[in-house]
Every structure is written in structure tokens, then in C-alpha cells.
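Relying on the hints, combine the two individually framed chains into one complex.
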Amino acid sequence: MKARVFVTLKNGVLDPQGKAIGHALNNLGFEAVGEVRQGKLIDIELTGKDESHARASLKEMCEKLLANTVIEKYEIELKP
Amino acid sequence: MKSAVIVFPASNRDRDTAEVLEKVTGTKPYMVWHADSEMPNVDLIVIPGGFSYGDYLRCGAMAAQSHIMRDVIAKANKGVAVLGICNGFQILTESRLLPGALMRNAGLKFVSKPVPVDVEETQSMFTRRYRKKQRVVYPVAHGEGNYFADEETLDRLEGEGRVVFRYAGGENPNGSARDIAGVINEKRNVMGLMPHPECACDPLLGPPDGLGLFEGLVEALS
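From first to last, the protein sequence lines are chains A and B. Okay, so the first sequence: first residue is 1 according to my numbering, each after it adds one. Okay, so the second sequence: first residue is 1 according to my numbering, each after it adds one.
A hint or two may mislead.
Pairs of lysine-lysine, DSS-like flavour, derived with a Cα cap of 27 angstroms [unchecked claim]:
{"id": "1", "chain 1": "B", "residue 1": "Lys2", "chain 2": "A", "residue 2": "Lys40"}
{"id": "2", "chain 1": "A", "residue 1": "Lys19", "chain 2": "A", "residue 2": "Lys49"}
{"id": "3", "chain 1": "A", "residue 1": "Lys49", "chain 2": "A", "residue 2": "Lys59"}
{"id": "4", "chain 1": "A", "residue 1": "Lys64", "chain 2": "A", "residue 2": "Lys79"}
{"id": "5", "chain 1": "A", "residue 1": "Lys19", "chain 2": "A", "residue 2": "Lys2"}
{"id": "6", "chain 1": "A", "residue 1": "Lys19", "chain 2": "B", "residue 2": "Lys132"}
{"id": "7", "chain 1": "B", "residue 1": "Lys133", "chain 2": "B", "residue 2": "Lys187"}
{"id": "8", "chain 1": "A", "residue 1": "Lys49", "chain 2": "A", "residue 2": "Lys10"}
{"id": "9", "chain 1": "A", "residue 1": "Lys64", "chain 2": "B", "residue 2": "Lys75"}
{"id": "10", "chain 1": "A", "residue 1": "Lys64", "chain 2": "B", "residue 2": "Lys187"}
{"id": "11", "chain 1": "B", "residue 1": "Lys113", "chain 2": "B", "residue 2": "Lys132"}
{"id": "12", "chain 1": "B", "residue 1": "Lys75", "chain 2": "B", "residue 2": "Lys28"}
{"id": "13", "chain 1": "B", "residue 1": "Lys133", "chain 2": "A", "residue 2": "Lys73"}
{"id": "14", "chain 1": "A", "residue 1": "Lys10", "chain 2": "B", "residue 2": "Lys113"}
{"id": "15", "chain 1": "A", "residue 1": "Lys64", "chain 2": "B", "residue 2": "Lys78"}
{"id": "16", "chain 1": "B", "residue 1": "Lys187", "chain 2": "B", "residue 2": "Lys78"}
{"id": "17", "chain 1": "B", "residue 1": "Lys109", "chain 2": "A", "residue 2": "Lys19"}
Since the hints were derived computationally from the structure, they do not count as laboratory data. This structure is a prediction, so every number in the text was calculated from the model and none was measured.
Chain B with its partners taken away, still in its complex shape (with noise of 0.2 angstroms):
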């Protein structure tokens, strides 16, 4: 599986990121800086966290219409697999590619700690390694992880088996809509979460429920 990491001013997660695909995978990630405007040839592209563009308007706003995302949407829209974490879901849904928004959290507080997130979804090509309703624990680490969508998208997201994460009971950190972590696009290739899969990969640093999010990756895509 051939992968790349697309790399804003002010990502953060970028190598985060990079180290999971490389121990994966067996190779190092393609680092795509966002003024590039074509994505070599990959399998899977990460759009990592952080806060692209200083968050300047709104998170991902600016990001979403960078040069290097045209090409990323054109890809995404040929059924390349394009996961977006924390501000990757922001540029996501700011690119249309996933719907909804994620607005300031409620409590209006940054809020950084691990949360218990449950896989609703296995039929993926990003959480076929984890069973239904498994319960997961992601770090998350962010300001605006509030997610929004008219009520009419959101029983559309559930009647179609696209809300993938969810912030186990009592558990949302941010006021999301029906406890939402993490939405898919219809054909399945485009999916956006809130949690950092890739900070919950080494043992070092905890339990490593993240990994499996990426073997299932590895799996699906090599």
C-alpha cells in the first residue's frame, strides 16, 4: 500500500501520522506540502491534524481551498481512500466531500484527553479490523470538534451506515450531534473523525487501539 501525508502550514500531526503508515506499511509516506498541485500515485491519502492556515476563518476553510485539495478531491472522487483526522475532518466537510460541519465545542473549552469512542460501523475499508460496537479509546485534541448536520443528513448518515464513530454514552467531549466521532461518504472511500487513531498506535503510549484502523487499511488496500 502506497501512502501520503498531505502537510499544511501549521499541521501538527503530520509525522504523527507518518511514523504509523511507515510501521504499517514498511515505507515511508509520501510528505505532500499543500502548494503541490498533484498527489503522486498512492492508495490512501491522510489529511493529518493540526490547525492549517492558523485556523484563519473558520478551521479547514482556508486549507480546503488549497491548491494540493484539488487534486486530493479529484482523487477522492475516483474512489482513492482519503482519511481526514481532526482538522483532516474539517477540510473534509469544508471540501464537501463529507457533509455537515464542526462548530466550536460547546462547552467552548479546548479540550485534549483519551475518550472512549465505539466502532459503529465495520463495513469499511477504515474499521474492518475492529467488531461492531467495539469500544475504542482515541486521545482527541481539539476546539472545534462540534459536529453538525440538519436533522434530515443525520438520520440519512444513520439510515445509511455512515456514522462509523461514536462518543460512547455520556462520553462526547464537544456537543456533537448524536454523540458523532467519525462520518463516511457514501461510496465508502472518504471518511473524516474527530479522535487521533495515530496517537493511540504505540504501547508506550497506552492501550494501541488505534492500529487497527490502519492494518485494516493495509489489508483492504495492498
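Next comes chain A alone, as it looks inside the complex (with noise of 0.2 angstroms):
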């Protein structure tokens, strides 16, 4: 199984990094650009067929080390 996991600020916490990328879409003529807000993307590959395992392995990972709960949100995409 292939799953991918994004990490992202939560709602609220301020992320200056996707502010500038923001201001630097403006800066190229993109005006509709509002908020932009960037986080990271990991691709695991995983062994064993069981889906909610799998589910359940992957939120673990999140929870202990992907992801800081404190600032960071998580979601998981898993594909056979």
C-alpha cells in the first residue's frame, strides 16, 4: 500500500513562510492570489493488505512524530 500524508499549519497559527509565497505570487502579476498557507507532503510505502490497519498505523505515525499536534494538522491518503 502507498499512503500519502499532508502536514499542515492548523487554522490560526500564522505561517510567514506562506505569506511570503503569497507575496511573491502577487509580485508576478497573479492578483487573484488570496492567503496561500504551505506544509509538507510524505509518501510512505507500506507493507500488509489491511487498510484499517494500515489507517490506524498511519494516524500513529502522525500523532508521534509527522506531525507537531501542537501547531500542525494531519491527513491521510492511503491507495492499494
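This is the structure in C-alpha cells:
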């Protein structure tokens, strides 16, 4: 199985990098660009076929290491 | 007082810290490698500054999962004094020994300069040698020192006298919430701060404002 984990800052947590990217896009002439938030994408290959077990294990990975839940939230995508 | 300094791959203030500890205690501290699983029996553990594990994933995230940190956490929970400086502070928040998190500096730039800092709390073994509101100058050198915690946590820290160091008015170098430069845990045996007191201990390098922190620890723990 292949998993894709998205880690982003929680709503309300200031994202200065996202802001800087937004400014740069505005400066490039993309006037429609409003707020920009950036984050991380982590691809993980997993052995085993049990999807619910994989989901539980990915959640634990996020809580323990991949995200710092004080400031970040995460989303998990799982593909067979 | 017996002390130890943890050494991670890419720690870089470990030897500055060791030098100060030797100066104030008269004994060389143990230098403990991150892959070791057990801490020697000491009164003070220092987690030094640097860029442990290349700051991969998040500053301090990898180090917080290292072998030695399991025993550091166990010792901290038993009451052993733990001081985290800069990357050490980041590691302590990632290990959940201290609340909050250290984010990218609000100005996005790495900041390296001496910064005036106010000692907010003297009721701790780390700051007993200072006067309340004493202004000291410690160097900072970090790109991720922007202290964040939710409002409720910040209120609790303030209410419990756990904001130990605060950047002087108008001198906040990184956007930290409420100008917080250092905090202490509930049991008051684990403290972390972004500025470097260990780099303000030799008169050759400027006023030795950081010495009081280490001398206070020797006094409290000997």
C-alpha cells in the first residue's frame, strides 16, 4: 500500500512562509492570489494489506512524529 | 554537582556548554552520545544548541525520538534538572517535556545577535542568582525560535509564573508569543530558552551575564 500524508499548520497558526509565497505570487502578477498556506507532503510505502490497520498505524505515526499537533494538523490518503 | 551534556549529530554548542560547566563545577561534564540508552547519574542534564539531525522534519523532532531522550524524559519525570538551550529547547517541546512549539521566525530570517532579555522569574534553580526583572544580554542564533502556544496555555504559563525569560520590550527577534524567550515545566525542574547563556560566560566575549544561571544551578544542586 502507498500512503500520502499531508501536514499543514492548524488554522489560526501564523504561517510566515505561506505569507511570503503569497506576496511573491502577487509580485509575479497573479493578482487573484489571496491567502497562501504551505505544508509538507510525505509519501510512505507500507507492507501488509489490511487497510484499517494501516490507517491506525499511520495515525499513530502522525501523532508521534510526522506532525507536531501543537501547531500542525494532518490528513492521510491511502492507495492500495 | 555532577552534570552531563547530550551530544547529537550536528549539536554545535555542546562544547561551549561543557566549558562553562567545567568552569563553575570544577569537573568535566559527561558528554553523552545520543545513541546511548542510559544517562549517567547526574544532577543536571543539558541539551545543547545546534542543528540536531540537520533539523530534518522539524527542529528537534528527530532528536526527541532518540534513544537517550527516553532516559532523559524518565529522569526529568523523577525530578532531575534539565536545561535545554536553543535546539535543546526545541527538543524539550518536541518531547512534550515543555509546552508549546518553536516555529519559523516571523521575519523568516536566521537571527544571530546579542539580545536583551528580562529575567521574569527568580523562583527557580535556574534563575535564583538573578533579581526579578533583571535585564541580561544573551546572544541568540536561530531560525526557528518563534514560541507558540494556544492562548489558554500562555495564560496558564503566565499565571503559574512559568515564563522565566522574556525578550525586552521591542527586542523580540522572532515573533514569539508574548515575547517569551524561556519557559519552565510545572515541577520547575525542566527549563528551555532560545538565547544562549552559555555563550555569555567569558568576559573576553562581552559581559558574562549568563554565568549567573550556571552558578545558581551549582548552588542549588551541590
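Checked hints:
1. B/Lys2 <-> A/Lys40: Violated, at about 42 angstroms.
2. A/Lys19 <-> A/Lys49: 41 angstroms, violated
3. A/Lys49 <-> A/Lys59: Between A/Lys49 and A/Lys59 the Cα gap is close to 16 angstroms, so the pair holds against 27 angstroms.
4. A/Lys64 <-> A/Lys79: 22 angstroms, holds
5. A/Lys19 <-> A/Lys2: Violated - the C-alpha atoms of A/Lys2 and A/Lys19 are around 31 angstroms apart, more than 27 angstroms.
6. A/Lys19 <-> B/Lys132: 38 angstroms, violated
7. B/Lys133 <-> B/Lys187: Holds, because 22 angstroms separates the two Cα atoms, which is no more than 27 angstroms.
8. A/Lys49 <-> A/Lys10: The hint is violated at about 31 angstroms.
9. A/Lys64 <-> B/Lys75: Holds, at about 20 angstroms.
10. A/Lys64 <-> B/Lys187: 24 angstroms, holds
11. B/Lys113 <-> B/Lys132: 24 angstroms, holds
12. B/Lys75 <-> B/Lys28: Roughly 20 angstroms separates the two Cα atoms, so the pair holds.
13. B/Lys133 <-> A/Lys73: 37 angstroms, violated
14. A/Lys10 <-> B/Lys113: Given pair A/Lys10, B/Lys113 is violated - Cα atoms ~31 angstroms apart, limit 27 angstroms.
15. A/Lys64 <-> B/Lys78: 23 angstroms, holds
16. B/Lys187 <-> B/Lys78: 10 angstroms, holds
17. B/Lys109 <-> A/Lys19: At roughly 14 angstroms apart (the allowed maximum being 27 angstroms), A/Lys19 and B/Lys109 satisfy the hint.
Violation of the numbered hints given earlier is confined to hints 1, 2, 5, 6, 8, 13, 14; the remaining hints are satisfied by the structure.
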